[in-house]
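> Residue strings, one per chain:
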Amino acid sequence: AAGVIQSPRHLIKEKRETATLKCYPIPRHDTVYWYQQGPGQDPQFLISFYEKMQSDKGSIPDRFSAQQFSDYHSELNMSSLELGDSALYFCASSFGGRSTDTQYFGPGTRLTVL
Amino acid sequence: EDQVTQSPEALRLQEGESSSLNCSYTVSGLRGLFWYRQDPGKGPEFLFTLYSAGEEKEKERLKATLTKKESFLHITAPKPEDSATYLCAVQAFGGGYNKLIFGAGTRLAVHP
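Chains as they are written, first to last, in the numbering used here: chain A, 851 to 964; chain B, 196 to 307.
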């Protein structure tokens, strides 16, 4: 079965640079979620989109922005990168936009900021 | 504040030695409780969703149960391939209903 696709899988950036992470949800899924997982920590919710509209917002820094496109893929844009942004970034997708729809996670993008 | 606490933090079992992982939660209202398995450097893999107290779900050697205050993940006769971090997460009523609130996880190691 098709799963959530994330690209790139690994990304190395310098401080103050920008990064763009991409997420392609499971076919027919219309809702995407972004999570950040620091080393040894649990995933922290950043932001979600349903039918191309922002549906929920968590602890996402103002330096980050995201959007969902007409084909339902999503991009997380990160600017003025800091050392503390180094983490695994997961995208998850679900169908229907209801709060109890199961979220299926992608393999993640490992971002390293030097 | 909505909160999820998992115990123990780490668990070492011998192959075939059954045990249970605990997830206690404090939420304004529970929409759903989710169990995921996560291998190092990989994304969480969905296991179960539980919605109401008394509900139980089973899959192979795993069985999840739910009460009004906590959930248990029972592992029967585990094998080394069951070694992973098991994450519990909740969705709560109120603001931010979409997001999953995760616990810190239980790192399970099953030795032959």
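Read the hints as simulated data drawn from the structure, not as lab findings. Hints should not be assumed to be uniformly reliable.
Stated by the list, open to error - What follows is a list of derived Cβ distance ranges for each label pair:
#, chain 1, residue 1, chain 2, residue 2, range
1, A, G946, B, K258, 23 to 29 Å
2, B, R207, A, D921, 43 to 49 Å
3, B, F288, A, R878, 23 to 29 Å
To be verified - No more than 25 Å apart at the CA atoms, straight line, and that leaves these computed lysine-lysine pairs for DSS-like:
#, chain 1, residue 1, chain 2, residue 2
4, A, K872, B, K237
5, B, K274, A, K863
6, B, K274, B, K263
7, B, K237, B, K264
8, B, K252, A, K907
Predicted model, so just to flag it, every value in this text is computed and none were measured. Ideal placement from N, C-alpha and C gives every residue a C-beta, glycine not left out.
> All hints, please: hold or fail.
To see whether the hints hold, each was checked on the structure:
1. A:G946 <-> B:K258: 23 to 29 Å: Because 27 Å falls inside the window, the suggested range holds.
2. B:R207 <-> A:D921: 43 to 49 Å: Holds, since R207 of chain B and D921 of chain A (Cβ atoms, about 46 Å apart) stay within the stated range.
3. B:F288 <-> A:R878: 23 to 29 Å: The hint (23 to 29 Å, Cβ to Cβ) holds, given that F288 of chain B and R878 of chain A are roughly 27 Å apart.
4. A:K872 <-> B:K237: Distance ~16 Å between K872 of chain A and K237 of chain B Cα, so the pair holds.
5. B:K274 <-> A:K863: 40 Å, violated
6. B:K274 <-> B:K263: 30 Å, violated
7. B:K237 <-> B:K264: At roughly 29 Å apart (the allowed maximum being 25 Å), K264 of chain B and K237 of chain B break the hint.
8. B:K252 <-> A:K907: 30 Å, violated
Of the numbered hints stated above, those contradicted by the structure are hints 5, 6, 7, 8, listed in ascending order.
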